[in-house]
Amino acid sequence: MPSPAILRKENRDIVLQKTHTGKSFALVAALLFATISFTLAGCEKLSKDSQDGLVEQLLGKPKPEPIQVGVLFSQTGSMAISETQLKHVVLQAIEEINASGGVLGRPLEPVIQDGRTREDIFAKRAQELVVESKVPVIFGGWRSVDRKAVIPIVENSDTLLFYPLQYEGNESSRYVFYGGMTPNQQILPSLEWFMSPEGGARRRVYLIGTDYVFPRTANFIVRKFLEDKSMQVVGESYVPFDHNDFTETYKAIRESNADLILSTINGSSNIAFFRQFAQQGFDTQASPILASSIGEAGLRSIPAADTTGHYACWSFFQSLKTDRARSFVQRFQEEYGSDRPIHDPMESAYVQVYLWREAVERAGSLSPKDVTKVLETNIEFEGPGGLVKIDPRNHHTYKRVRIGRIRPDQQFDVVYESPDLIRPEPYPNFAFPGWNCDWTHGGLQRGPAVKLENQR
Amino acid sequence: MFDWIYTISSLRFAILTCGFFVAFSWVGTIIARPILRSFVKHRESVNDLVGYVLSCFGVFYGLLLGLLAVAAYQNFRDVENVVSSEASSLSALATDVSAYPEPERKNLVWLLRDYTRDLIKISWPNQQKGIVSKEGNFAMSAFHERLLKFEPQTAGQEIMHAETLKQYNNYLEKRQMRLLAISTSIPEIMWIVVLVGAMMNITLVWLFDMRLMSHLFLGGMLACFLGMMIFLIASMDKPFRGDVSISPEPFKQIHTRLLEE
Chain E
2 MPSPAILRKE NRDIVLQKTH TGKSFALVAA LLFATISFTL AGCEKLSKDS
52 QDGLVEQLLG KPKPEPIQVG VLFSQTGSMA ISETQLKHVV LQAIEEINAS
102 GGVLGRPLEP VIQDGRTRED IFAKRAQELV VESKVPVIFG GWRSVDRKAV
152 IPIVENSDTL LFYPLQYEGN ESSRYVFYGG MTPNQQILPS LEWFMSPEGG
202 ARRRVYLIGT DYVFPRTANF IVRKFLEDKS MQVVGESYVP FDHNDFTETY
252 KAIRESNADL ILSTINGSSN IAFFRQFAQQ GFDTQASPIL ASSIGEAGLR
302 SIPAADTTGH YACWSFFQSL KTDRARSFVQ RFQEEYGSDR PIHDPMESAY
352 VQVYLWREAV ERAGSLSPKD VTKVLETNIE FEGPGGLVKI DPRNHHTYKR
402 VRIGRIRPDQ QFDVVYESPD LIRPEPYPNF AFPGWNCDWT HGGLQRGPAV
452 KLENQR
Chain U
-15 MFDWIYTISS LRFAILTCGF FVAFSWVGTI IARPILRSFV KHRESVNDLV
35 GYVLSCFGVF YGLLLGLLAV AAYQNFRDVE NVVSSEASSL SALATDVSAY
85 PEPERKNLVW LLRDYTRDLI KISWPNQQKG IVSKEGNFAM SAFHERLLKF
135 EPQTAGQEIM HAETLKQYNN YLEKRQMRLL AISTSIPEIM WIVVLVGAMM
185 NITLVWLFDM RLMSHLFLGG MLACFLGMMI FLIASMDKPF RGDVSISPEP
235 FKQIHTRLLE E
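In order, the protein sequences belong to chains E and U. For the first sequence, my numbering begins at 2 and goes up steadily by one. For the second sequence, my numbering begins at -15 and goes up steadily by one.
Please keep in mind that the hints were generated in silico from the structure rather than gathered at the bench. Quantities reported herein were computed from a predicted structural model and do not represent experimental measurements. One should not assume that every hint holds.
[Said to hold, decoys possible] Taking beta-carbon pairs under 7 Å as the criterion, some of the chain E residues facing chain U (in silico): (1) Ala81; (2) Gln334; (3) Gly338.
[To be verified] Once the Cα atoms are required to be at most 27 Å apart in a straight line, the calculated DSS-like pairs of lysine-lysine come out as: (4) Lys64/E with Lys118/U; (5) Lys90/U with Lys113/U; (6) Lys118/U with Lys135/E; (7) Lys118/U with Lys133/U; (8) Lys64/E with Lys105/U; (9) Lys64/E with Lys125/E; (10) Lys158/U with Lys90/U; (11) Lys90/U with Lys135/E; (12) Lys113/U with Lys150/U; (13) Lys125/E with Lys90/U; (14) Lys133/U with Lys113/U; (15) Lys374/E with Lys135/E; (16) Lys252/E with Lys230/E; (17) Lys90/U with Lys105/U; (18) Lys118/U with Lys149/E; (19) Lys113/U with Lys158/U; (20) Lys64/E with Lys158/U; (21) Lys135/E with Lys113/U.
No residue lacks a Cβ here, since even glycine has one placed at the ideal position from N, Cα and C.
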């Protein structure tokens, strides 16, 4: 039998041991409770809300789902060099928008497709964008044939198309927003300036263009426009793509005694056209070329000496001396290189992304119908080239025209700038009588069929 | 299924993995221990028996984990080498095109610049999500088209052009290797073995006969270590994903160089 003293000591030890074990158990239980709660909360969220739930639980805030937007330009094929630039500025605008909080609090995610300079591929890729990616909007297109191939697809799928190029007009679609200029905004005011004393009071214009829809339609409008003006059309000719012998053309120009040459020549033909101007003994003072299809990007493939002193008409020039223009140019060149020229269609493509964003924010919805309603409320945006505004009637864009004289560094000195924004008119009355488009009242009103007299 | 682990930081992932295994170990120790110990109740040397089984099991499991960790690390290094090699090849291609006459030189440099930028800004982030982007294909096709349009005028240009085309093909091969590496990972079946093995290890620890505190401590330590090993393997399993991933730094250097040209 142990002595009472030993028994007391053992009892005390047992009590102490129990107390010690009790505290430890409480500590371990607390730790365990915390760990189990943490894990179970994660597992519960995981099972309830899919895999993102746990991430959400861990990160503490929900991750907004991106909004996919279609970006459809030719990245291969003959138009790749031009259209890739537009893709770049669209992506730049998207990156800027995402950096500033996205659209409706969600980031934009571009779904990029390659049109491969083929209208059938444009249609196919547009179909993929609207069916597979279900994008609410497509930014894209350069050539008219590509745009025309995409329009039925966006119309049938309730998707918006933002088309950034200047074009011939004579078209309208409720689902398309045209960011470039129509002839009444670009070519006609430029001709008016050349008729004025500041522009040299010129009276005889020769029309030369590449043989496709834009030059022929634009020149048809020019002819109609000049019918009651002091300037007359003294000649008109067309050359195929990649044409490089302008001997006959310059012979005709010389015979016509033109004091202005309006060129809608596109692509590589411009190299030979400008080179042979000087070789044929023409003078930039007496009969300069006014180009409506060549900008900073096109000029870089032509020797500077061949182009200096000629003119081009656009809404935006890289050399614009406004803060917004400088900032836009700087941001782009920081990303893509300081030797990268920036031209008007790039500015249009960039501005269109912001216009869409503005409309979505105001509509509070991505639905093309809601966005269209907002876009039809005279929505404005202060872009790098100045203020632009969507015309609610025909979904084209109010723009300012500028005429630039080409400098030896292949940039432009702006010699004229329209005092106000010019209203877009895809169906000028003098050329398309009876035709009108007003999506806010009655839609497209068709007049009598117009046969373009200069068509083949 | 577990792709979300690459969207959280390494620290969170490590805490989560270790926390899960420790919690599993502790819950089992408290809840399952009394039940499991009833099987071996009053038997002498039960701890020795469990210890032998656990050691034997641990050897095989340790070998599996060790080999997997080495394989994952080796794969990570291999993919890193593929990326370095691709970047070197791209750099050589950039050097080749800088010798072309104008305006081809400028066009080709621009296209390479665009490609490199898209690679860094679009393809790489997609790659980190396990997606193979199409943007790179577009830019490379445009570059190839442009390259093929060039018609050498001199014997020197012919040699240069042939060398550039060779370098271009070389680059494409390396790029393809990187694209294939985006989807490489440890097969799912191996992950199941690893996870079941970890659970069995922990379950065996529940059988030990010892004081609760000691049991929790030792079981927790083992579970935490298993969690860390699994975290390590999972982090390196997909070389382009998560915090522990291959960066596009070599391409950024080439892009900077191309911007300066």
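Inset, instruction - Verify the proposed pairing of Lys113/U with Lys150/U, using a straight-line Cα cut of 27 Å. - result: Given that 27 Å is the threshold and the Cα spacing comes to 32 Å, the pair is violated.
Inset, instruction - Measure nothing beyond the straight line between the CA atoms of Lys118/U and Lys133/U; if it is 27 Å or shorter, mark the hint as holding. - result: holds, 23 Å
Inset, instruction - Measure nothing beyond the straight line between the CA atoms of Lys125/E and Lys90/U; if it is 27 Å or shorter, mark the hint as holding. - result: The hint is violated at about 32 Å.
Legend entry - 27 Å limit on alpha-carbon distance, applied to hinted pair Lys64/E and Lys105/U: holds, 20 Å
Legend entry - Lys64/E paired with Lys118/U [C-alpha distance capped at 27 Å]: holds, 25 Å
Inset, instruction - Verify the proposed pairing of Lys113/U with Lys158/U, using a straight-line Cα cut of 27 Å. - result: holds, 21 Å
Inset, instruction - Please work out if Lys133/U and Lys113/U have their alpha carbons no farther apart than 27 Å. - result: This hinted pair is violated, its Cα atoms lying about 36 Å apart.
Inset, instruction - Mind checking the alpha carbons of Lys158/U and Lys90/U for me, to see if they're no more than 27 Å apart? - result: Measuring from Cα to Cα gives roughly 24 Å; hence the hint holds.
Inset, instruction - For the pair we were handed, Lys64/E and Lys125/E, check the Cα-Cα distance against 27 Å. - result: violated, 32 Å
Inset, instruction - Return the status of the interface hint for Ala81/E: holds when the least beta-carbon distance to chain U is below 7 Å, violated otherwise. - result: holds, 5 Å
Inset, instruction - For the pair supplied as a hint, Lys90/U and Lys113/U, confirm whether the alpha-carbon distance does not exceed 27 Å. - result: Not satisfied, since the Cα-Cα distance of roughly 33 Å exceeds 27 Å.
Legend entry - 27 Å Cα cutoff - pair Lys64/E, Lys158/U: violated, 35 Å
Consistency with the previously given hints fails for numbers 2, 5, 9, 11, 12, 13, 14, 20, ordered from lowest to highest.
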